[in-house]
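**Student:** Put chain B on the given structure of chain A with help from the hints.
The chain contents come next:
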Amino acid sequence: MTASSLAALPDQLPDARAVFAGRGLACERGGRRVFHGLSFMVCAGEALVLVGRNGSGKSSLLRLMAGLSRPAQGSLTWNAGDIADDSEAHHGRLHLIGHQDAIKPALTVKENLGFWARYRGAGPCASARIADALRAFALERLAELPARYLSQGQRRRLSLCRLLASPAQLWLLDEPRAGLDRAASASLDAALAHHRAAGGIAVVVLHAEDHPPEARVLDFDAVKAGG
Amino acid sequence: MLAAIGAIIGRDLRLALRQGLDSLLAVVFFVLACVLFPFGVGPAPETLARIAAGVLWVAALLAALLSLERLFQADYEDGSLDLLALGPAPLPAIAAAKIAAHWLTTAVPLIAAAPVLALILNLPPAAFSSLVLALVLGTPTLSLIGGVGAALVLGARRGGVLLALLVLPLYIPVLIFGVAAVGASQIGLAAQPHLFMLTALLLVALVLAPWAAGAALRQALD
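Keeping their order, the protein sequence lines are chains A and B. At position 207 of the first sequence the residue is numbered 207 (my numbering), and the sequence of numbers has no breaks. At position 83 of the second sequence the residue is numbered 83 (my numbering), and the sequence of numbers has no breaks.
In isolation and in its complexed conformation, chain A is listed as follows (with noise of 0.2 angstroms):
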């Protein structure tokens, strides 16, 4: 199967072989080199741990990843296709859980959440999906509510329903654990160790102390950063 297929049939199964790899990535924001010689690799059904100093340049990778920003040495493959080549196909099968949780004040918690399933594309079950979604985070009892009423933990527990609402291979998830409490965070626990049950990826920056059991661990701290 493809990876185009995948984007275009997103409730067939993930590819099971996937491997998502980078090589020599180098990265620059305003001028100043964040990091170089950086690489990476994961495979379906593993989770890459992102843990570093503030600045070290982890959401930047992150946004390589996704592909908004393009490296400035170096090269992100997808099954040894440059993501680049097919940036259309690589969105399709990533979900992006940045700082900003894209929540617009004025729609209820469903109608925002419907608003980004149904712009992927989630499909004709999307009204189950989104149900599901907001039960596994515990906001079903606040769906009809206007979101400028959310708390900080609610809003962040909202942003990773998206991750449920429609479903993509690999999860870019940067500092999921902000805010949240101890039972949205073991949600959030569940829902992770069921996508990579399922053939998942997840690429999750946090902080050293509490990443999930047996996953890879890239230490900014440890890749030499560029003068």
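Keep in mind that the hints were calculated from the coordinates and are not lab data. Take the hints with a grain of salt, since some may be wrong.
To be verified - Ranges between beta-carbon positions, derived for each pair:
{"#": "1", "chain 1": "B", "residue 1": "Q219", "chain 2": "A", "residue 2": "E140", "range": "32 to 42 angstroms"}
{"#": "2", "chain 1": "A", "residue 1": "A183", "chain 2": "B", "residue 2": "R157", "range": "38 to 48 angstroms"}
{"#": "3", "chain 1": "A", "residue 1": "R17", "chain 2": "B", "residue 2": "L21", "range": "50 to 60 angstroms"}
{"#": "4", "chain 1": "B", "residue 1": "R158", "chain 2": "A", "residue 2": "E140", "range": "36 to 46 angstroms"}
{"#": "5", "chain 1": "A", "residue 1": "A138", "chain 2": "B", "residue 2": "S129", "range": "53 to 63 angstroms"}
{"#": "6", "chain 1": "A", "residue 1": "S127", "chain 2": "B", "residue 2": "P45", "range": "58 to 68 angstroms"}
{"#": "7", "chain 1": "B", "residue 1": "Q219", "chain 2": "A", "residue 2": "D82", "range": "13 to 23 angstroms"}
{"#": "8", "chain 1": "B", "residue 1": "P169", "chain 2": "A", "residue 2": "C43", "range": "53 to 63 angstroms"}
{"#": "9", "chain 1": "A", "residue 1": "C43", "chain 2": "B", "residue 2": "L17", "range": "38 to 48 angstroms"}
{"#": "10", "chain 1": "A", "residue 1": "S87", "chain 2": "B", "residue 2": "P124", "range": "47 to 57 angstroms"}
Note that beta-carbon positions come from the ideal geometry of N, C-alpha and C, so glycine has one too.
**Tutor:** For chain B alone, kept in the frame of chain A given last:
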């Protein structure tokens, strides 16, 4: 991809309805600006009739400019633009969808208000139909050109002022042919040639503006 574009337009229309203020502000500005002119130039009916077309067009143009700055700004600030770019619709299509929603929520109310204001400004009733037609053909071009400007100033400080400086000179052709269409039917000439020119401008903008806006959005995302 069509479903994705429909989803964006639907969301923007719903947001505009919920937050009502933006489109309301544009119409109120349009009405106030037009109503100020009789006070400024005096209430002589023949003077007003002579300047009516120009006043209506300039006021409509400035009113359309008023809410342009927010066109992409809100989505840029809350991270929605990143996620839109990661979806199935390419950036030019995203830009086109947002511009279409902007036109529906700001320009359509202006077009609806224009005949009433034309009455206040003593425009001869014979020119009403060409005024509305010219606005229907001209305002989408204003929205399209404005969309390119709004995408270009994304992330800039004082973006609104910069946007006006960028976009207003490009509005001149639409202004010239829009006013000429109304003026022609005012003195009993055919408005068609001017309306055809407005159509031509619209078609050119329709082809070029979404791509230019998409390229500007790509720059803003990087």
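**Student:** Now look at each hint and say whether the structure bears it out.
**Tutor:** Against the structure, the hints:
no.: 1; hint: B:Q219 with A:E140: 32 to 42 angstroms; verdict: holds (40 angstroms)
no.: 2; hint: A:A183 with B:R157: 38 to 48 angstroms; verdict: holds (42 angstroms)
no.: 3; hint: A:R17 with B:L21: 50 to 60 angstroms; verdict: holds (53 angstroms)
no.: 4; hint: B:R158 with A:E140: 36 to 46 angstroms; verdict: holds (44 angstroms)
no.: 5; hint: A:A138 with B:S129: 53 to 63 angstroms; verdict: holds (58 angstroms)
no.: 6; hint: A:S127 with B:P45: 58 to 68 angstroms; verdict: holds (59 angstroms)
no.: 7; hint: B:Q219 with A:D82: 13 to 23 angstroms; verdict: holds (22 angstroms)
no.: 8; hint: B:P169 with A:C43: 53 to 63 angstroms; verdict: holds (55 angstroms)
no.: 9; hint: A:C43 with B:L17: 38 to 48 angstroms; verdict: holds (47 angstroms)
no.: 10; hint: A:S87 with B:P124: 47 to 57 angstroms; verdict: holds (56 angstroms)
The structure is consistent with each of the numbered hints, conforming to all of them.
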